[in-house]
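K.L.:
As a plain string of letters, each chain reads:
Number of protein chains: 2
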Amino acid sequence: MTARPTGSSAFADKSAEAPAPSFSRRTLLAGAVGAISATLLNNASALPAQTKGPVPSPPALDDPGKLQGHIPTELGERSPFEHPRRRVNRAAPAGESESPLQELYGTITPADLHFERHHGGVPVIDPARYTLLIHGMVERPLKFTLADLKRFPTVSRVCFIECSGNGYRGFQTTTMKREATPSWIDGLLSTSEWTGVSLATLFREAGVKPDAKWFLAEGSDAAHMTRSIPVEKALDDAIIAYAQNGEAIRPEQGYPARLLLPGWEGNTQVKWIKRIELAKNPFMTREETSKYTDPLANGTARMFSFVMDAKSLITFPAYPDTVSRGWCVITGLAWSGRGKIARVEVTTDGGNAWESAELQPPVLSKCTTRFRHLWKYAGGEAVLMSRAIDETGYVQPTRAQLAAARGEGTFYHMNNIRGWKVERSGKVFFHVEG
Amino acid sequence: MTARPTGSSAFADKSAEAPAPSFSRRTLLAGAVGAISATLLNNASALPAQTKGPVPSPPALDDPGKLQGHIPTELGERSPFEHPRRRVNRAAPAGESESPLQELYGTITPADLHFERHHGGVPVIDPARYTLLIHGMVERPLKFTLADLKRFPTVSRVCFIECSGNGYRGFQTTTMKREATPSWIDGLLSTSEWTGVSLATLFREAGVKPDAKWFLAEGSDAAHMTRSIPVEKALDDAIIAYAQNGEAIRPEQGYPARLLLPGWEGNTQVKWIKRIELAKNPFMTREETSKYTDPLANGTARMFSFVMDAKSLITFPAYPDTVSRGWCVITGLAWSGRGKIARVEVTTDGGNAWESAELQPPVLSKCTTRFRHLWKYAGGEAVLMSRAIDETGYVQPTRAQLAAARGEGTFYHMNNIRGWKVERSGKVFFHVEG
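Chains C and F are the protein sequences, given in the same order. Position 54, counted from 1, in the first sequence is what the working numbering calls 1171; the numbers after and before it change by one each time, with no gaps. Position 340, counted from 1, in the second sequence is what the working numbering calls 1457; the numbers after and before it change by one each time, with no gaps.
Because the hints were derived from the structure by calculation, they are not lab data. Watch out, some of these pointers could steer you wrong.
Capping the alpha-carbon separation at 16 Å, the derived lysine to aspartate or glutamate pairs in EDC-like fashion look like this [claimed, not checked]:
#	chain 1	residue 1	chain 2	residue 2
1	C	K1330	C	E1256
2	C	K1544	C	E1296
3	F	K1267	C	D1438
4	C	K1183	F	D1243
5	C	K1538	C	E1296
6	C	K1330	C	E1394
7	F	K1397	F	E1256
8	C	K1330	C	E1349
9	C	K1493	C	E1472
10	C	K1267	F	D1438
11	C	K1326	C	E1349
12	C	K1538	C	D1438
13	F	K1330	F	D1353
14	F	K1267	C	E1220
15	F	K1183	C	D1243
16	C	K1267	F	E1220
17	C	K1493	C	D1466
18	C	K1397	C	E1349
Computed far set for chain F versus chain C, every beta-carbon distance over 12 Å [unchecked claim]:
#	residue
19	A1418
20	D1466
21	A1522
22	G1524
23	R1541
This one's a predicted model, so the numbers in the text were calculated from it and none came from an experiment. Each residue gets a CB set at the ideal place from its N, CA and C atoms; glycine is no exception.
Build out the structure end to end from the sequences listed, making use of the hints.
P.N.:
Below is the structure:
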């Protein structure tokens, strides 16, 4: 089932009352006259230095049309006025960096802003020497070069990758704080168009034996990342991906090839993949016995909790924004590892009333979906939250529901409803109900 | 109507016979042993210098797992082994650069590889001083700052932008040559996820008068690019776009805001847009009287040929590739300014037999669609071509059909069927039938 916007006519009615643009007869006239001379010098010194551009750009003018601009180049650069950056978390062992969710538009994450989570750093791999070995319980052990992989039919899909631990800061009371940005809460989430070869195709080549139910995926990094994956997932929608957003996959995302398991926790989607070993049973690697397994309230553990459940986050308004009275377009992202987002509901009164937000088509399976909801802020206090419902009918849980099911000690797969408290001043802070 | 792959089971049968990977017991064993010492020094000198990365990378090793990799960074970099570039055409006045279609995967074009076509160079625009004026036949002339534009509800869509003149080199006999790459033929084509505000929303704000049927769109560049656009298109799907592939629009694509007219010729999608003037009739700008109008065989001219008709191009194999006998996955892009691609047909025998290619979902309206077709090359000569059929039933024409309709003198909107001649040696050259 594909969720569709709730009708553009209803939306149009609302937007007719939407934000009042700044307008006065004076700005209108002033805009028509260009005063360049003095401005030119001022601007030149105010501009950030452009060290990368092969052709130096002229300074910004009141009327840029007064000056011939720079000619085409082999490689584009961002505007000197734009400086999006990942936030590097030096506290995480071997490091992680978060996508700046609050600065992004639509659903695609630019490749150089895709989140990172490494356990042995980013290896440098010569694509000419790269190989992928498939062995174990197969008819024909095979070793593929990158060129071999690229000769097979390609498949592409736009989907999210989310770190298993993403969102724990919005669940655990020890880490929760009011001064939390969207990226600090959920920035280990990014979306790309991935291209590669279907793992099912490679498995047919190797002739996977009927008794082989699991495979080990091993990375080329210094951590020798290894995870056990059911063969069923390989035959469903797994991809050995070598491209990301149209170009070769970036080093931080697994160059020259990674395992892509749409909708599953990031850690299983082994980067720099070099070896796949087929077997009867899971391998019980360190990543499975020591990590990525969820202790439950009753003392047992939830093992192989691969799928990332439905989740959503309002990315605007958010800390440290300040909202002013009038129409405000609440926007954010929703996603589910189990399929398409069916609905996103938004509350602006702390959960008394929930309204369906508009979803931006196309709504794709196991992909982030952008939602938006018009809200007339009348001043005073308000609590904004969102909850995602996916096509399986699963509803994003409250913190209390999640704690009841998993206990307080869990760290991975934290998808509870979160939101933002608007204070009387209009200032916005992170907020978790219950 | 959404075109779907022609059935994965048929495809699976074929791919069971697909490319034979390189495998021998010897390479298998050799791969397991890392000989680092001597290799380390060799690699280090062979590696391209990394001048941009904030953290120096270790050299590529036979076993990269022997060395801790670099830690996360604020901004990612491409692998030192990857150097995609636009081809800059210095011959075009004020310049153009082509997307390297033959090096790209999927459908998204990385922002720094998006094609360029400028008439006064790329202006530098301070977003804090940017304004968009809407005036003329409106109830309320309005001037929007960038912040004003961003307060309205956002819309996103993935679509292509294609230069009106894209593809003329595959039509005009004076420019046609055998040594033509896909980007040389059709590289003024790129696809992005664009985000912005619906122009219809801004028109409602300004109160466009009922008699206003056209508007002038004017850019901030030194060429003062101006085009006349029907109001109907604004009310249909036009967007004032300020974001591209998740981030702020790049300078070469119109930073901080451009007009986006899905499916229409690139020239009308005015970059760095600063002014929109509503009127009864088209403005007959220089771009309409001197350019972007197609002289016809009968001596008249086709004016306001806004829409880019259905088109396709095989991007692999292509000049300068060489194919070897056995299975080969033919792949390419198809697109139509009138809606979705319904079907792509591929011939491998110069047009005697045409078979339906597989389309990669999701097939989006006014967007590039990736197609692929398995072909068993038996050696000898072959002629590969593709033709696109869109959801309106329009079929990409042959060169002869296009010449009969438009004459030999036209330059814009050249969408004739093109392809590739495989010579006895397996070497591939550009080819146009008729």
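K.L.:
The structure should be examined with respect to each hint, and the outcome stated for every one.
P.N.:
Comparing the hints with the structure gives:
no., hint, in the structure
1, K1330/C x E1256/C, "holds (15 Å)"
2, K1544/C x E1296/C, "holds (11 Å)"
3, K1267/F x D1438/C, "holds (14 Å)"
4, K1183/C x D1243/F, "holds (14 Å)"
5, K1538/C x E1296/C, "holds (11 Å)"
6, K1330/C x E1394/C, "holds (11 Å)"
7, K1397/F x E1256/F, "holds (14 Å)"
8, K1330/C x E1349/C, "holds (7 Å)"
9, K1493/C x E1472/C, "holds (13 Å)"
10, K1267/C x D1438/F, "holds (14 Å)"
11, K1326/C x E1349/C, "holds (13 Å)"
12, K1538/C x D1438/C, "holds (11 Å)"
13, K1330/F x D1353/F, "holds (13 Å)"
14, K1267/F x E1220/C, "holds (12 Å)"
15, K1183/F x D1243/C, "holds (14 Å)"
16, K1267/C x E1220/F, "holds (12 Å)"
17, K1493/C x D1466/C, "holds (12 Å)"
18, K1397/C x E1349/C, "holds (12 Å)"
19, A1418, "holds (29 Å)"
20, D1466, "holds (21 Å)"
21, A1522, "holds (32 Å)"
22, G1524, "holds (30 Å)"
23, R1541, "holds (22 Å)"
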